[in-house]
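Trainee: As a plain string of letters, each chain reads:
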Amino acid sequence: MFDQLFIGGLATGCIYAVVGLGFTLVYRTLRMVNFAQGHVFMAGAFLGLVIAERVRLPALPLLLVVGAVAFALGMVLERLVFRRLYHNHEVFIVGSIGLGIVLMNGVRVFFPEPVPFPKVFGSTVVQIGTARFQEAYLWVVVSTLVLVVLLHAMFTYTRTGRALRAVAADAEIAGTVGVNVNRAIAFTFGLSFAVAAIAGVLIGPLYFVSFDMGDMVGLKAFSAAVFGGINSIPGTILGGLVIGVLENFAGGYISSAYKDLVAFVILLVMLIWRPTGLLGRETPVKV
Amino acid sequence: MTAFRISQRGWIVVAALAALVALPGYAPQYLVHVANFILIYTLPVIGLGFLTGFTGRVSLAQGALFGVGAYTTALLTTKLGWAPLATLVPSVLMTVVLAVALGGAAVRLAGLYFVMATIGIQQIVWLVLMNWIELTNGPQGVRSIPAIGLGGYELETPQRFFFLALAAAGISYFLAKRVIGSRLGLYLRALSDDQLAASSVAVEVGRAKVTALALSAAWAGAGGFLYAHYVRYIHPDMFGLEASVLYLVMSMFGGYRSIAGMIVATAILESATEYLRPFGEFRMIAYGMILLLGMMYFPKGILTLVRRRASAPATEKS
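These protein sequences, in sequence, are chains B and G. Using the working numbering, you'd call the opening residue of the first sequence number 1 and step up by one each time. Using the working numbering, you'd call the opening residue of the second sequence number 1001 and step up by one each time.
Hints in this document: simulated from the structure, not taken from any laboratory. It is possible that some hints are incorrect.
[Said to hold, decoys possible] On the chain G side, residues computed to face chain B include the following (Cβ under 10 angstroms):
id: 1; residue: V1058
id: 2; residue: V1115
id: 3; residue: G1120
id: 4; residue: Y1233
id: 5; residue: I1285
Since we're looking at a predicted model, the values are computed, not measured. Glycine included, every Cβ here is placed at the ideal spot set by N, Cα and C.
Take these sequences, add in the hints, and give me the full structure.
Mentor: Okay, here's the thing in structure tokens:
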């Protein structure tokens, strides 16, 4: 029971962590919260579904294609939409929620009912300890690990990664030393869209996909990001894993009715106790 | 000249009020129905105004607080058989107590961090309404909530309810004006302009902020009370995050500090959900587009357009 709940929670936690990374990437750069993030995750799942139904791609190329399309979409939407919302955080929140409503109901027009996702990650049952689970769970955990390592390598060793970090630290100074700030911001949105869409494809085979699946996952991923520290990438990953595991335990041992409550209680308590989150460092304005 | 202008404006207000009061007399029932929703929603929106306009804090929990008011009266009347009017005070009190209990510690957070906390509050309240089935009936909602009776006169139809809604909106408008004009309102405005300066002239910043939260919850609770007895069937999804977003947008489109602006914005947005009906299944897409484009092109409220035009000649003169 314990092993089963733990591994299930870990897989969900990975999804919260990856979707939450999208929140963190944008927040670090702009001090804004993009509430369309959860719906990008949903759109990614459907994009994967549409591609997988037409072309029989193996799992890895499918993830890459969806990630690339989402990346491009993120760059385009930054140019056309997000750039006009940088006035203040309320404007950005409401605008991005509006965008999320458009995405969700746009998908709803084509897929009004939940649909099963093709088993692209195989359906063998694996046994670890006393827990038995589908192979797809392993894919979720391993892909998250790979994604995090890749992101870390990019931020540490590549020119683009350093440019992104410079803009996140201080956009104005980054600009004066020759970083193309606009492109870095567009790139940030591209990345945040790509990770969310990849998470959508990863979770797809485990459940049915439906147009409203991004609502709850988006908000929980957001809670995970705040819990771990919304300006800290390691913090967000930790936050996602902890919330995923804790809510699975709460669902298994206490009551399934209040499973969803865990993430939000943690969010509220954390904000009151330590607004920067577990691993965040920025001193928030708190007077 | 000035006197003439004021009286002209006064006449317009009087004429508009007269047209409003006589609305059930000439308008079709459907229009009265929409008008009732507009009047009810002005309450939570004015409530948000206290918080947003006067402390600079944006809340995304107003939908949940509205729901607490609605559920309190619905459960007291259907399960305990209270008279509807007797539940007004408990509804408002319950909403205020819950808001302060959950949000009291969070109001000291500034800016985005406060918004994050209110999203947590919103989700917690909604999940409890959805899952505490023994108390709230959960996803079944609460059915057959009685209509409000005034001396044996049941306010069942939209036409009859209209006058109560109009009176409630009017009273809450003038009460809000009174609060803003009072010493407390002065504190709150000082707080929103410059917190440090306010605290240095002995404004108790912490208490003023909690008071603003309590006021905003009180207005939400009263709105929820009206709503429950008007629609007479409530469901947790009526008080989800979407509702909170709607109230926030209504107050933003109105441009925060102007109560009149909020009421106009409420009217426009509430009727938007009605005149978008021809779009059928694309209705929600159109609604999302309104939010998105509204924020992209009018980040400071729609009324700024009108006001900019109206104040332009005046600035030329000076």
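Trainee: Of all the hints numbered above, which does this structure not satisfy? Sort the numbers upward.
Mentor: Checked against the structure, the only hint that fails is number 4, while the rest are satisfied.
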